[in-house]
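Novice: If you want this note's numbering, it's the 1-based position in the sequence shown plus 593.
In case anyone wonders, no lab produced these hints; they're calculated from the structure. All C-beta atoms in this analysis are idealised placements derived from N, C-alpha and C, irrespective of residue type, glycine included. Some hints here could point you the wrong way.
What the hints assert, rightly or not - Per label pair, the in silico range of CB-to-CB distance:
id, residue 1, residue 2, range
1, Gly614, Glu671, 16 to 24 Å
2, Gln663, Arg596, 28 to 36 Å
3, Ser677, Leu600, 29 to 37 Å
4, Ser642, Cys603, 27 to 35 Å
5, Glu634, Arg596, 18 to 26 Å
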Amino acid sequence: MGRIFQLALCTLAATSARHSGEGLFLSRQVDNGHELRDLGEELARYEWSKRGWVVQERILSRRIIPYASQQLFFECQEGVFAQSDNGPTPFTHNL
Numbered sequence: 594m595g596r597i598f599q600l601a602l603c604t605l606a607a608t609s610a611r612h613s614g615e616g617l618f619l620s621r622q623v624d625n626g627h628e629l630r631d632l633g634e635e636l637a638r639y640e641w642s643k644r645g646w647v648v649q650e651r652i653l654s655r656r657i658i659p660y661a662s663q664q665l666f667f668e669c670q671e672g673v674f675a676q677s678d679n680g681p682t683p684f685t686h687n688l
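Can you build the whole structure from these sequences, using the hints too?
Specialist: Shown next, in the form of structure tokens:
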């Protein structure tokens, strides 16, 4: 799996899925109104961040699009971008 993540142009992550049987592209309530102070903390609250393989996925993938229940994120080596944000939030710590 490590090689797959390393060679992928982008990894799609089912951030809000509670288990592997749930789909990725579900109807969602888009939230355009709240400010995110720490995108790392925002991503950590989803079930996705509690799964063991996610550490490998996040370290080895060049780019990840976490598809959450309320918005999309884009994570790369430069930082994290949120659908409801104006610009990137640089990483303040490493995984």
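Novice: Is it true that Gly614 and Glu671 lie within 16 to 24 Å of each other by Cβ?
Specialist: violated, 33 Å
Novice: Against the range 28 to 36 Å, how does the distance between the Cβ atoms of Gln663 and Arg596 compare: consistent or not?
Specialist: With a Cβ separation near 33 Å, Gln663 and Arg596 satisfy 28 to 36 Å, so the hint holds.
Novice: Taking 18 to 26 Å as the stated bounds, is the beta-carbon spacing between Glu634 and Arg596 within them?
Specialist: violated, 31 Å
Novice: State, for the Cβ atoms of Ser642 and Cys603, whether the hinted interval 27 to 35 Å holds or is violated.
Specialist: violated, 18 Å
Novice: A range of 29 to 37 Å was offered for this pair. Does it hold for the Cβ distance of Ser677 and Leu600?
Specialist: holds, 31 Å
The structure fails to meet hints 1, 4 and 5 from the earlier list, while all remaining hints are met.
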